[in-house]
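Chains as they are written, first to last, in this note's numbering: chain A, 1 to 511; chain Z, 1001 to 1106; chain P, 2001 to 2346; chain X, 3001 to 3097.
None of these hints come from the bench; they were simulated from the model.
A virtual CB, placed ideally from N, CA and C, is assigned to each residue, including glycine.
Fair warning: there could be bad hints in the mix.
[Unchecked claim] Here's a subset of chain P near chain Z, in silico, CB distances under 8 Å, partners left out:
id	residue
1	Y2024
2	R2048
3	L2050
4	A2052
5	D2054
[What the hints assert, rightly or not] Which bits of chain X does chain A cover? Going by a derived footprint, with three or more residues having C-beta under 8 Å, they are:
id	region
6	3008–3018
7	3021–3035
8	3038–3048
9	3058–3071
[Claimed, not checked] With a cut-off of at most 25 Å between alpha-carbon atoms, the simulated BS3-like pairs for lysine-lysine come out as follows:
id	chain 1	residue 1	chain 2	residue 2
10	A	K47	Z	K1004
11	A	K321	Z	K1004
12	A	K321	A	K47
13	A	K333	Z	K1031
14	P	K2186	A	K53
15	P	K2055	P	K2015
16	P	K2055	A	K15
17	X	K3043	A	K305
18	A	K321	A	K53
19	A	K333	X	K3043
20	A	K11	A	K74
21	P	K2015	A	K158
22	A	K15	P	K2097
23	P	K2055	A	K11
24	P	K2055	A	K74
25	A	K296	X	K3053
26	A	K380	Z	K1004
27	Z	K1004	P	K2015
28	X	K3043	A	K15
29	A	K74	P	K2294
30	X	K3043	A	K290
31	P	K2294	A	K11
32	A	K380	A	K333
33	X	K3053	A	K11
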Amino acid sequence: MTATPTRPARKLSMKARYSALTRDLDWEPSYVSSAEMFPYTSFEGIKIHDWSKWEDPFRLTVDAYYKYQAEKDKRLYAVLDGFAQSQGHLSLSQASYLNAMKIFLGGVTPLEYQAHRNFAFLSRHFNGPGPRFAALCQSQDEIRHAQTEIHTLSNYNKYYSGMHSFLKQHDRVWYMSVPKSYFDDALSAGPFEFLIAIGFSFEYLLTNLLFVPFMSGASFNGDLPTMTFGFSAQSDESRHMTLGLEAIKFLLEQDEDNVPIVQEWVDKWFWRGYRVAAIVAQMLDYMLPKPVMSWKEAFELYFEKQMLEGLFPDLEYYGIKPPRHVQQAIDEKEALSHFVYWVFYNFSFAANFTTSIPSTEHQAWLAENYPDTFVEYFQKPRWDKAQRIVDNGGRFFFMGLPQLCQVCQIPMTFPEPGDLNTICQRTSDYNGEHFNLCSDGCKWIFDREPEKYVQAWLPVHQIYQGNCGGPTVPDVLAWYGMQEGDGGEIAGSRDEVNWAAWHGTPAAKEA
Amino acid sequence: MALKTIGTYEFPSRSRQELYGEDMLVHVWWKDNPMFCAAATFRAPQAMSWADFRAAIVDPWASSDPDYDASHDFSWGLDGQPFTPEPGTSLADLGIGHKHTVSFWG
Amino acid sequence: MQYELRTQVIEPIRKTFTHLVERYGDRPASRYEEGTIGLQATEHFHYRPLWAPDKELYDPAYSRFVLTDPYSFTDPRQLYYAPYVTARSQLHESFGKTLDYLESHNLLARLPEAWRQLLTGLVLPLRHYESGGQMISSNACRFAYGTTIAQCAGYAAFDRVGNAQILSRIGLALGGGTTDALAEAKAAWMDAPALQGLRRYVEQAMVAGDWGVEMVALDLADSLLYAVLYRHLDEVALLGGAGSYSLLAQHLAGWFADQRRWVDALYKAWTADPQTGAANAEHLAAVAAEWLPKAQAAVTQLTAAIDELVPDAGAVGAVAAAADSVTASLAALGVTVSAQSKEESA
Amino acid sequence: MNDPATRMVSVDLQENEENRAVIEAIEADNPDVSVRHMPGVVKIEAPGRLVIKRESVEERLGRDWETHEFQMAIITLAGNITEWDDDEIVLAWNARR
């Protein structure tokens, strides 16, 4: 008693208080039926017998939520204001660093917003108050992330290219359909599949790969606001990860019949999320002027070690196996980022970011981190030739539109298993129509639900249908809302020229 | 697997051939040239002859690579099967269908 | 080198994001605008929902209430997440101080018995009403078209759990740190005749199936409940020696004043829309004609029990006055709730 | 590898002045931890189990510290949160109910 005089004697324990304030708000309806009140929680085939078995280890109550979140934002916005006032953008490692943030703002921020909306759906439509409240908190967090990302990057938008039309571009630009279709896929699914897709597969399995090494990279490259925002967001993510893990365990413990359904969702959403993460892989390895951790290392640390070796042995108890096609992801770790950045190098003339041949030092770093693949498969056949073209006064671009995967919507660039020299091509015929898929993982997903994936809004196909502003590249770029200086080659780009002027150093020779 | 839904769930493909009129989409894949990160997609009349397709579509695209030699004797494939294009024959008559993939190498 | 840089003035190349320049002109945008306007996608949805194949993922057709330009409505409070949580953190901190004060001075125990019964038997059970309000607001957050409305509804949803927790904390205090009072309140919510009208009302509102209709139904009940319980009774309590009821009620009354600001702005935007305004007004009249009498009946049932406990409370009369005031404020928007249709549905 | 007593659990924390006491408390209370520093991040790993104790943090911080405050420090974690109460937070694998 005397040891903690500041604590009132009659205070309930954290667990009891959480339970009284949050869990006990529920009631069984009498004037409408349960089925009327919760119309969406039975069609997926998931069986829940006792919603009260849901545990939330964080035991957060609303007053504590407000208190800590307000404190987090107070700190974050102080950093943003200070950085803007001191023209902190001039102390970035390079203007080209911001290419990663241009992709982030258009590719990730709108997803955070979508998560906000759909966790609100869960916080209405789950039958139990425990998961409803957890979803409600996550819904609030997600709008926080969308807004703090916008506010963090807003200052850069005032001085740099490629961020000005991120919302329109999320809905229209070719590579943005990768994250957009991923999230639309989750939103169009039922509430339990969404929970496994986003709560578990994305937040728990993959989000570390997206955020932790990348935010460390932001710190290393002088981007204090992004680092602050990122780590601040991650402190919410650890709650979301816990929700995701609780979600899967809850479903598995409720009924044995849930196990095969959940397994298929884990399989589907691991692969779907992994393909989106490919964009992050190239950000880590190619877009940070001062790299900190390779994709391969991040994948080994945060996915193989923490998830495959840590988590999945726990899930084995319930009969859950590691995701189907996970071996393909492991095999690709040596090559993933290189393929994807090469796609971006091919197509940055039609994007909101710029690309260039990695510098000599950067290539040495890549060779050191990817001793078995970079030099033989990427440097010699691709970058050395790209350099010869530049030396002859040119710049290699892919003057056409790429073949897209019907499911992940990434240009079909990924390798055959075990053969880095050959592109993997898979096809499926459905209702008399031919569909192209980039991998066994995407083909498996397509074949499982073709009724869904035939609806995909594939940018290349839409351009050819005449739905994207017109038939020529300039027509399409205008429709994308691109401005002069947004895309193309780094050397001679608007950002690079400005950067040189601001720093009083000569700009690199225009390519 | 039967899709689990609330209500009827039937939607037409957003890439179906009829959306392209008399045309179709054809993929062209330069298999042994890593400079092209993926096969290319083109819209072409089904009735277009192979020679026209080659000259008007394939050659300009492949010329993004300065080493491309249009007169080189490439080997051709269609959806993974060996394929012998006849210059005067239409794409449709050659058996190239909507969203199928023509590849070349060598 | 660095010092020279810092003194150099670098002119921005643009003031804000393009969609804001297009909407508001070439001026710097506020953080509310940057973090809100246009965030929800409007085109190229890839797949139809498995659970609603007749709609798009975001679709104006989820409600009868439609804005031609969803951003003709903006939150008059300009709340985005950071100021929202900051404001609510202060609200809950200030409530916590009130409650600490009441507890440390043992004032709740000194409430007149009638007020204690009123609080435990009729007010605490409304934590479940607030929970229903959360679910209705969360549904609106998901299905509203456009970020501005969805954001207000999302914060309102969280507010409702906050309100429920304010009531619950009062219950814990009344229970001397135990959950006894809360258990009693729940039993009352389930079975007490005075509360069944309100419980039926909330359950029916929750399944109305149109987020706009659900929100209006909730607001109609709120307008009566908050006016009577946290404004009218606040004054009665002060006169009747139940000062601690007044101290607690002020926090919820303050919240509702804040809530009204955006809900009123939404009604105004709906009815002022150059293209859909007339139809929206008609829908609003129809929804009010259907739900206001039900709300009045339900809240009257509750207040009749209050008047029995505290004979001079005049709570039933206050409900009628609040209903008139709702009708008047709708009329000011050009929405006429006809007495005839009121009677029909009553 | 499948033994929950040896599988690694971990927390990643922001490396800043505020969190130093938390990091030191974890190191003191968990004898087998390994600590890795990355820009802005400290990764703390331990075999099987990792505990964060309120009293240990308060001792180093010199003020009251609620376990809820740990949310301000954490970036990510591996393992189940098997306990989170007023006095301690415990991370472990193999948490069956």
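Per the coverage rule (Cβ-Cβ under 8 Å, at least three residues), is the region 3021–3035 of chain X covered by chain A?
violated (count 0)
Please verify whether P/K2186 and A/K53 have alpha carbons no more than 25 Å apart.
holds, 20 Å
Is A/K47 within 25 Å of Z/K1004, Cα to Cα?
OK: A/K47 and Z/K1004 at ~14 Å, within 25 Å.
Check the hint pairing P/K2055 with A/K74 against an upper bound of 25 Å on the C-alpha distance.
violated, 40 Å
Please work out if P/K2294 and A/K11 have their alpha carbons no farther apart than 25 Å.
Outside the cut-off at roughly 40 Å; violated.
X/K3043 paired with A/K15 [C-alpha distance capped at 25 Å]:
violated, 28 Å
Can you take a look at whether the region 3058–3071 of chain X is actually covered by chain A? Rule is 3+ residues, C-beta closer than 8 Å.
holds (count 5)
Distance restraint between A/K321 and Z/K1004, which requires alpha-carbon spacing of 25 Å or less
holds, 23 Å
25 Å limit on alpha-carbon distance, applied to hinted pair A/K15 and P/K2097
holds, 22 Å
Take the shortest C-beta to C-beta distance between P/A2052 and chain Z; is it under 8 Å?
Nearest chain Z Cβ about 7 Å off; hint holds.
Within 25 Å, alpha carbon to alpha carbon, are A/K333 and X/K3043?
holds, 22 Å
Does the closest beta carbon of chain Z sit nearer than 8 Å to the beta carbon of P/L2050?
The hint holds - P/L2050 has a Cβ within 8 Å of chain Z, the shortest such distance being about 4 Å.
Of the numbered hints stated above, those contradicted by the structure are hints 1, 7, 15, 16, 20, 23, 24, 25, 26, 27, 28, 29, 31, listed in ascending order.
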